[in-house]
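**Student:** Using the sequences and the hints given, assemble the complete structure.
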Amino acid sequence: MAFKKNKSWSFSKINAWFHLWLGLASGSVVFILGITGCVLVFEQEIKQLSRPWFRTEKPVGGELISPSVIYSVVGKAIPEKKVSSIWYHGEEGSAHVSLDESDSVVYVNPYTAAILAVTTREDFFDFIDDGHLYLWLPDKVGHQVVGWSTLVFFLLSISGLVLWWPKKWNKKGKEQSFKIKWNAKFKRLNYDLHNVLGFYTLLLAVLFALTGLIMSFPWFNNSVFWLAGGTKQAWAKSLSDTTANPQSNVMLQVDRAWRKGYRQISEHNQKNIIVNFPEKASDPIYLCTDMYRGTWRDVYLDQHTLKELPGSGKKLKDLELSNWIRRSNYGLHVGEIGGLPTKVLYFFGSLVCASLPITGFYIWWGRKKKKQPAHG
47 MAFKKNKSWS FSKINAWFHL WLGLASGSVV FILGITGCVL VFEQEIKQLS RPWFRTEKPV
107 GGELISPSVI YSVVGKAIPE KKVSSIWYHG EEGSAHVSLD ESDSVVYVNP YTAAILAVTT
167 REDFFDFIDD GHLYLWLPDK VGHQVVGWST LVFFLLSISG LVLWWPKKWN KKGKEQSFKI
227 KWNAKFKRLN YDLHNVLGFY TLLLAVLFAL TGLIMSFPWF NNSVFWLAGG TKQAWAKSLS
287 DTTANPQSNV MLQVDRAWRK GYRQISEHNQ KNIIVNFPEK ASDPIYLCTD MYRGTWRDVY
347 LDQHTLKELP GSGKKLKDLE LSNWIRRSNY GLHVGEIGGL PTKVLYFFGS LVCASLPITG
407 FYIWWGRKKK KQPAHG
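In short: position in the sequence shown from 1, add 46, done, that's this note's numbering.
Treat the hints as calculated values from the structure; they're not laboratory data. Certain hints may be false.
Straight-line distance between alpha carbons at most 30 Å, and here's what the computed DSSO-like set of lysine-lysine pairs gives [as the list claims (entries may be wrong)]:
| # | residue 1 | residue 2 |
| --- | --- | --- |
| 1 | 93 | 389 |
| 2 | 283 | 186 |
| 3 | 414 | 127 |
| 4 | 278 | 225 |
| 5 | 361 | 231 |
| 6 | 283 | 361 |
| 7 | 326 | 128 |
| 8 | 127 | 361 |
| 9 | 363 | 306 |
| 10 | 59 | 220 |
| 11 | 213 | 186 |
| 12 | 231 | 220 |
| 13 | 59 | 225 |
| 14 | 233 | 213 |
| 15 | 233 | 218 |
| 16 | 353 | 326 |
| 17 | 186 | 217 |
| 18 | 278 | 227 |
| 19 | 128 | 283 |
| 20 | 214 | 227 |
| 21 | 93 | 128 |
| 22 | 361 | 306 |
| 23 | 217 | 59 |
| 24 | 218 | 278 |
| 25 | 317 | 128 |
| 26 | 317 | 122 |
| 27 | 326 | 363 |
| 28 | 93 | 361 |
| 29 | 186 | 93 |
| 30 | 317 | 360 |
| 31 | 306 | 326 |
| 32 | 225 | 414 |
| 33 | 283 | 389 |
| 34 | 363 | 283 |
| 35 | 233 | 59 |
| 36 | 231 | 217 |
| 37 | 317 | 389 |
| 38 | 93 | 127 |
| 39 | 93 | 104 |
**Tutor:** Below is the structure:
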């Protein structure tokens with residue numbers, strides 16, 4: 047029995063040491079990811095409020111203008127650049143036009159084709175996004191630092207649960223583990239903010255970490271895919287059949303593909319759709335449809351026959367678990383998956399995650415000062 051007690055004590059000490067030093071090593075990265083995550087949760091809502099060119103009013107009896115018309119108008123206004131794709135943001139939003147080899151984005155009224163604004167891709171939210179993805183470091187370096195720090199944060203969440211676990215499940219133990227003593231001295235309050243809030247946000251923290259790891263590392267992505275029952279499938283390249291009708295009118299076919307996309311293919315947010323303009327006779331017409339709660343569906347149509355090509359994604363409801371996880375991972379990571387309620391929850395969860403390195407550092411610093419011998 048004595049041996050078992052000592053063994054348990056050793057595990058506790060090792061876990062505490064592990065939690066402390068990994069926390070100190072990754073704390074600054076976790077803080078940055080948490081704060082930038084708070085901002086990015088409401089990115090689209092803030093943009094809608096702060097950028098009038100994101101919104102339009104649907105005229106009585108108005109119909110969205112076809113891609114070929116917008117292509118022509120923007121092409122005449124900016125003749126030095128070629129339109130590559132158009133993103134329709136539904137009936138109450140503008141359409142934004144992407145140009146080949148350009149950082150500019152053109153916003154147009156989808157009912158009149160009038161140009162509303164020409165902006166650059168680099169803005170405040172791109173700066174925040176770069177911090178969240180790369181810590182403002184060179185992409186390859188920052189990606190690795192963020193990825194491995196996310197793995198460390200996942201391990202810290204598990205070790206934190208072990209540290210949080212009450213030694214005794216009596217009234218006092220429960221109160222210390224589940225309640226914040228707001229009227230306590232700062233040192234005790236700081237401890238409660240770290241210990242209790244860390245517990246209440248544990249599931250969110252683990253979800254942030256796991257979905258982040260899926261985006262960070264192919265090996266982790268493939269492992270989750272395999273564990274969820276997925277099997278590796280041969281990649282199918284989508285190409286148009288040039289023997290069908292290589293002389294077809296490309297603009298006419300793009301318009302038809304766009305209509306087919308929102309009338310027949312899309313299930314969710316039908317008129318929120320992206321369409322591209324193929325350059326070669328063998329290129330497919332690409333559609334991005336079903337942009338719903340952080341998920342989307344890639345569809346490729348033969349530009350000559352408008353038949354759906356093998357490389358196209360399935361409908362969300364038809365996906366097996368492994369592919370559903372991959373399709374839904376972004377929405378699960380940013381809080382889109384449940385709409386506004388999950389976004390609010392994610393905001394506060396991310397804020398708590400950002401606070402944990404600060405409160406944890408103060409706990410360590412306070413204990414360190416306490417252990418120092420008095421001088422004089």
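**Student:** Next step is simple, just say for each hint if it's right about the structure.
**Tutor:** Structure-based check of all given hints:
1. 93 / 389: With Cα atoms ~15 Å apart, residue 93 and residue 389 stay inside 30 Å; holds.
2. 283 / 186: Roughly 27 Å separates the two Cα atoms, so the pair holds.
3. 414 / 127: violated (62 Å)
4. 278 / 225: violated (47 Å)
5. 361 / 231: Roughly 55 Å between the alpha carbons, so the hint for residue 361 and residue 231 is violated.
6. 283 / 361: holds (19 Å)
7. 326 / 128: holds (14 Å)
8. 127 / 361: violated (34 Å)
9. 363 / 306: At roughly 20 Å apart (the allowed maximum being 30 Å), residue 306 and residue 363 satisfy the hint.
10. 59 / 220: holds (22 Å)
11. 213 / 186: Since the Cα atoms of residue 213 and residue 186 sit roughly 44 Å apart, the hinted pair is violated (cutoff 30 Å).
12. 231 / 220: holds (20 Å)
13. 59 / 225: holds (25 Å)
14. 233 / 213: holds (21 Å)
15. 233 / 218: Roughly 19 Å between the alpha carbons, so the hint for residue 233 and residue 218 holds.
16. 353 / 326: holds (17 Å)
17. 186 / 217: violated (50 Å)
18. 278 / 227: The hint is violated at about 52 Å.
19. 128 / 283: holds (25 Å)
20. 214 / 227: holds (19 Å)
21. 93 / 128: At roughly 26 Å apart (the allowed maximum being 30 Å), residue 128 and residue 93 satisfy the hint.
22. 361 / 306: This hinted pair holds, its Cα atoms lying about 15 Å apart.
23. 217 / 59: holds (25 Å)
24. 218 / 278: Measuring from Cα to Cα gives roughly 52 Å; hence the hint is violated.
25. 317 / 128: holds (24 Å)
26. 317 / 122: holds (25 Å)
27. 326 / 363: Violated. Residue 326 to residue 363 sits at ~33 Å, over the 30 Å cutoff.
28. 93 / 361: holds (29 Å)
29. 186 / 93: holds (29 Å)
30. 317 / 360: Distance of about 18 Å is within 30 Å: holds.
31. 306 / 326: Holds, at roughly 21 Å.
32. 225 / 414: Between residue 225 and residue 414 the Cα gap is close to 26 Å, so the pair holds against 30 Å.
33. 283 / 389: Violated, at roughly 36 Å.
34. 363 / 283: holds (23 Å)
35. 233 / 59: holds (22 Å)
36. 231 / 217: With Cα atoms ~21 Å apart, residue 231 and residue 217 stay inside 30 Å; holds.
37. 317 / 389: The hint holds at about 24 Å.
38. 93 / 127: holds (26 Å)
39. 93 / 104: holds (19 Å)
Hint compliance for this structure: hints 3, 4, 5, 8, 11, 17, 18, 24, 27 and 33 are not met, and every other hint is.
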